[in-house]
Amino acid sequence: MTERDRLNVTRRTVLEGAAAVAAGGVLPASFPSIAAAAEETHTMVIAAPATPQSLDHEFDVSLGTIDSVGGLYDNLLEYEKVHDPKDPEALREDISVHTDRPYNLALKGKLAEKWEVSPDGTVGRFTLRQGVKSNWANELTADDVKWTWDRKLHLNGLGPFQTGVLGITKEEQIQVDGRYVISFHVPKPNPLLLKQMVNLSNPVYDATKCKQVSSSDDPWAHKFLENNTAGFGPYVVSQLTRGQQAVFKARADYYRGKPYMDTVIFKEVPTSASRLSLLQGGSVDIAQFLQPLEYITLTKASGVKVDAVPASFAIWIELNAKIKPFDNVKVRQAMNYALPRDDVLKAVYHGLADKQTGCIPIIYPNFTDKFWTYDTNLDKAKALLTEAGFKDGFKSTLSYNAGDPVQEPIAILYQTSLRKIGVEITLNKVPAATFYDFVTKREQPMIFYLDSPWVPDPGYSTQLYFNSKSYVDYSNYVNPEVDDLIKSGLETLDPKVRDETYTRVQQLVMGDAPWASLSGRAMCSPGAPTSRASPTTRPII
Amino acid sequence: MALSPNQPGGPIWSTGRRGAGGRARFALRYFIQLLRTHPVYAGGYVIVAVVAIFALAAPLVAPYSPITADPSVYLLPPSFSHLFGTDVTGMDVLSRVIFAPRIDLAIALVGTGLSAAIGTFLGALVGYHQDARGVPRFLSGFVMRSADVLQAFPVFVFAIALVAVFGQSIASVVFAIAFVNIPIYLRLMRSQVMNIRRMRYVEAAYVSGMPDSYIIRRHVVPNAIAPVLAQLSVNIGWSILLTAGLSFVGAGVRAPTPEWGSMIATGFPNIMTGQWWPSLFPGLALAVTVYGFGIIGASIEFMADPRRRRTLANAGGPIRDPGE
Amino acid sequence: MGTLRYIGGRLLFLVPQIFGIVLVGFLLVKAVPGDPATLMLGPMATPDSIAKLRGELGLDKPLPVQFIIYINRIAHGDFGTSWQTTQPVVEDLAVRFPATLELVSFGLLVALAIGIPLGIVSATRRHRVLARIGDFYGLVAGALPDFWLALILIYVFYSLLGWMSSPIGRIDVMLLPPRTITGFYTIDSLVEGNWPAFRSSLAHLVLPVLTLGLVNAGPILKTTQSAMERMLQADFSLYARLCGLPEKLVMRHALRNALPSIVTIVSVLYGFLIGGAVLVEIVFSWGGAGQYAVQGVLNADFNPVLGFVIFSALFSLIVYLVVDLVYLAIDPRIRQ
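Residue numbers (the numbering used here), protein chains in the order written: chain A, 131 to 671; chain B, 385 to 708; chain C, 13 to 348.
With the rest of the complex left out, here is chain A:
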């Protein structure tokens, strides 16, 4: 999907948290004179790898866009927050299965006040909060939601996946039932119906404004939304200079109250080393996406706090099932046995990653690691290769992303290890931009991939990567039994049935080993504790 994890992804949740604290005690907004005298403008500066290319998320999945969309737009629902078990100061979304809660989820309303799913599971009805204004002062109505989803059906960008996974193919399936009531009608009971409303890919646009700025050759306001905000979120974009910086200003009329940070500046700093030095020097408050060693250096520095929590983000190597010898399951298993995971976790990630012992993120519901057998074992790898008929090994190519500094060392470590069992691989460095071209073309025998499925649901995750018809099945994995199982799991709401189904899916997939499973990266966020306001909960990403 996109290179973004699931944990507390949205900057707005951070800032709202900080806002709550601020309102609670540090800089009381109810004493305007004191606030004015203090002359604090609460600016947060973030060093990011890239500014958003486009703010229209329909067409842009770049990092900068995701981050921005999170702050500029709101969803219908969100997950409740809990403290991370290992890092109590970090908040994370509660995505576990709660059998005692309605629909087994710990949800909170955002733009939606009430929500219900019909007993047969085919209709999801949402009652919107009233009096919510967009940044163009238009009130939120069901029309906005309808327009947003209709747009997905028409524009053919990311939309089709979001609608397809719910089984929505026609505008008629999204109905306006009242000024503030909207309903979604899906053909089969779909466990993702509510989860999709939390998905960052599905925020709500201000349809009134968008319709005003549309034209006949741009009926869905694509040009406008590329550079402007029309939504109900806490921030608006005030300046967007691509390649340099993006500036977001807080909205005083945000329905949850003005966010604590008045201004958020995203500065584009392409090299992680530069982002590190900016943080160390105090020029920025948060530095995103540093290298593992850089995080470690920061943990030793004073004035910087690093929070590291397990997330849904994982990195693995696709083994292309259509290219010999990876069409042979024993070879793929051998490749898994030969991968020096512990070395990689130590030398490349410095402990900031865990082994990926399953095919869906460790923190997702229904995850199980009981089918994991692939701890590094070169003898087993060699034996498997011999069984498969490759006693003398074979040659292949591993492609990796030049723009991701961890991939080359991992590739080199893997190469050395494979040499020991007679497998010679050539390393193919691909420039960052053409890298996705390579991945999506599915012509490489082995290629790295990093990703995080956005909806914390085993059906969603497996559908992405292991459904033979999925666009994202980059390893060309085909197993009809798995296809059927995934599908059936997406058509029932019964948590027990789903558990059994997806356990079986994981069993099959782990046996088939379409990937050389590597690691789940921890989501790290180093930030300078803002001494100006000292929020008790540190800002984290």
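No lab work stands behind these hints: they were computed from the structure.
Just to be clear, a hint being listed does not mean it is correct.
[Claimed, not checked] Distance ranges between label pairs, derived from CB positions:
| no. | chain 1 | residue 1 | chain 2 | residue 2 | range |
| --- | --- | --- | --- | --- | --- |
| 1 | C | 203 | A | 218 | 32 to 38 Å |
| 2 | B | 598 | C | 19 | 22 to 28 Å |
| 3 | A | 273 | C | 188 | 37 to 43 Å |
| 4 | A | 521 | B | 467 | 38 to 44 Å |
| 5 | B | 638 | A | 507 | 26 to 32 Å |
| 6 | C | 63 | A | 273 | 53 to 59 Å |
| 7 | C | 66 | B | 520 | 41 to 47 Å |
| 8 | A | 294 | C | 88 | 41 to 47 Å |
| 9 | A | 481 | B | 467 | 24 to 30 Å |
| 10 | C | 215 | B | 520 | 57 to 63 Å |
| 11 | A | 522 | C | 31 | 53 to 59 Å |
| 12 | B | 434 | A | 431 | 55 to 61 Å |
| 13 | A | 301 | C | 215 | 53 to 59 Å |
[Said to hold, decoys possible] One-sided and incomplete, this derived list gives chain B residues near chain C with beta-carbon spacing under 10 Å:
| no. | residue |
| --- | --- |
| 14 | 428 |
| 15 | 429 |
| 16 | 430 |
| 17 | 433 |
| 18 | 434 |
| 19 | 437 |
| 20 | 441 |
| 21 | 505 |
| 22 | 509 |
| 23 | 644 |
| 24 | 660 |
| 25 | 677 |
Yeah, the Cβ is synthetic: ideal placement off N, Cα and C, and Gly gets one too.
Model the placement of chains B and C on the given structure of chain A, informed by the hints.
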């Protein structure tokens, strides 16, 4: 007739009475004299010799394998067991620095060799037929304008584009280097040839009925060669830098092939976290090597300049220049 | 009158040269693998949406047609849009070109300040030690990889000694750049009277300018040295000395005659560094034109690359023209 010192590149070895052997012997004695009186030049030759030895005998000299990762010893600072420390995958920096000339030197030599060969050939033709009429004139013009266009291209962007087009491999880097250097030799040779063509002895040969090819081969080329050699030497150094630059941007050789530029690039993020050795040593080796080639170029220039050669003759005793 | 005709002739000559450059550039850029449509839409894109975008970008037409379309557009001043920045290339370059120019100009100034004096001293060989240093420096400077030197300088002056502020970008992260007049942050902030911006942009220039200056002083030094040597041993210098002119005057005359060579090397360096400073730009995240073009090549973003190539070629050619005019001015022999 004394040659005015303002006229560089005059006939070095006139087509005189001694044969090629005699000329070579004199050249050698001048050379040794040069090294004796200017130890800096000797230093340059030593540097290049050492680098060449590394390139050829790397497996014998290097303590570790340059492409085998050993994650248990990653990012160790310089120590007795690893004189230059280790990099992020545990590979020994010293061994990689020693193996790198194989690639860097090979690319530079082949690349500049190719460009020199093509460039001087074209340049000689173009310069010789400069005043001709008809087709040769038109072709000369075309070649020169093409060279102009190629040279107006920003070198670095051009090289990266070429590597991107042909895929990441040693061959494409060689090709890129060869391509961007051709215009240099073309121009150099052309201007040399145009100068020499006006010399009396060339006129004499022409008048006595020698064919063009003979004149070019026997008179023009040997006299034009020295500046080309000097340029070649400097160019090799510059090509090594270009290769390193390409690798730094990510358009160079494949990992984990040891190559100075890519080593510097891989070590770049480490500088900020305090590990300076993965980038420092390859850069030093690079600078020293290029410096060595630069000195060789300077020495060739020295030898080619009759005035400065005279200082050698005076300093060292009786070596008579056959041409004067 | 003759001068005007000369300029006119040269300018006329520019046109076919630019055409040739555009042609070569176009072919080259189209040969680079990578489909902008796929890259723009990312891994989630369906084949339909990709096809639609390719149609919009005009990528499905045959190559010669695309070329003619492109020529037509640039003749009207439309250099296309960069899909990475979604801005028109002209606007992007309007910011980045001055950034590179500022860096390169200051760098060359420093290089001249180091190279010419050292070159003169080495040529006259009066101070033996300095002359030796000059010789050595001339060779070493050209051998140093500029990106490596940049890294070393950052390490020493920033990480180790802490003298320099953050080595990133043209101005402090928290300050807004001055209003654009020339695009040079230093000049613009001076004009505006914006002292914090001026100080910050100057501070951020120090390390990259030092890098470029140190490295490029080498060729300048060598050229100055060899030109001065030649001039000092020329007949006119000998004659001047015989006539009893003081050495200082002899030197001045020699220097004046050596100027053409120096001017040549500076113009060559100027033209080269517009694209050649890219590595330094990358290390310092400068946001310059060379960096812009390199990103374009690596990301199959054609318009920036072509736009950059054309503008830098134009720039080089104009610099050469100016240089030739300067020759006309300083060398009386040519004027006849």
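Verification of the supplied hints:
1. Checked against the given bound of 32 to 38 Å, the beta carbons of residue 203 (chain C) and residue 218 (chain A), roughly 53 Å apart, lie outside it.
2. Checked against the hint of 22 to 28 Å, the pair residue 598 (chain B) and residue 19 (chain C) fails, with Cβ atoms roughly 44 Å apart.
3. A beta carbon spacing of about 39 Å between residue 273 (chain A) and residue 188 (chain C) agrees with the range 37 to 43 Å that was offered as a hint.
4. For the pair residue 521 (chain A) and residue 467 (chain B), the supplied restraint of 38 to 44 Å holds, since their beta-carbon distance comes to about 40 Å.
5. Take residue 638 (chain B) and residue 507 (chain A): their Cβ atoms lie about 29 Å apart, and the range 26 to 32 Å holds.
6. Judged by the Cβ atoms, the range 53 to 59 Å given for residue 63 (chain C) and residue 273 (chain A) is violated: they are separated by roughly 32 Å.
7. Taken as a hint, the range 41 to 47 Å holds for the pair residue 66 (chain C) and residue 520 (chain B), whose Cβ atoms sit roughly 46 Å apart.
8. Restraint check, residue 294 (chain A) to residue 88 (chain C): a C-beta distance of roughly 43 Å satisfies the suggested window 41 to 47 Å.
9. Between residue 481 (chain A) and residue 467 (chain B) the beta carbon distance is about 29 Å. The supplied range of 24 to 30 Å therefore holds.
10. At about 58 Å, the beta-carbon gap between residue 215 (chain C) and residue 520 (chain B) stays in the expected band of 57 to 63 Å.
11. Range check, residue 522 (chain A) to residue 31 (chain C): Cβ separation about 57 Å, and the 53 to 59 Å hint holds.
12. Between residue 434 (chain B) and residue 431 (chain A), the C-beta spacing of about 42 Å breaks the proposed range 55 to 61 Å.
13. Restraint check, residue 301 (chain A) to residue 215 (chain C): a C-beta distance of roughly 58 Å satisfies the suggested window 53 to 59 Å.
14. The beta carbon of residue 428 (chain B) is positioned within 10 Å of a beta carbon in chain C (closest approach about 8 Å), and the interface hint is therefore held.
15. Hint on residue 429 (chain B) is violated. Least Cβ distance to chain C is approximately 14 Å, over the 10 Å limit.
16. At about 15 Å, the closest approach between the beta carbon of residue 430 (chain B) and any beta carbon in chain C exceeds 10 Å, and the interface hint on this residue is violated.
17. The closest approach between the C-beta of residue 433 (chain B) and any C-beta of chain C is roughly 17 Å, which is over the 10 Å cut-off, so the hint fails.
18. Given the 10 Å rule on beta carbons, the hint for residue 434 (chain B) is violated: about 15 Å separates it from the nearest Cβ of chain C.
19. Hint on residue 437 (chain B) is violated. Least Cβ distance to chain C is approximately 19 Å, over the 10 Å limit.
20. Because the closest C-beta pair between residue 441 (chain B) and chain C is about 24 Å apart, greater than 10 Å, the hint is violated.
21. Taken as an interface hint, residue 505 (chain B) does not check out: its beta carbon lies about 22 Å from the nearest beta carbon of chain C, beyond 10 Å.
22. With a cut of 10 Å, the hint placing residue 509 (chain B) at the interface with chain C is violated, because the nearest CB-to-CB distance is about 21 Å.
23. Because the smallest distance between the Cβ of residue 644 (chain B) and any Cβ of chain C comes to about 8 Å, under 10 Å, the interface hint for this residue holds.
24. With a least beta-carbon distance of about 6 Å to chain C, the hint placing residue 660 (chain B) at the interface is held under the 10 Å criterion.
25. This hint holds: residue 677 (chain B) has a C-beta 8 Å from the nearest C-beta of chain C, less than the 10 Å allowed.
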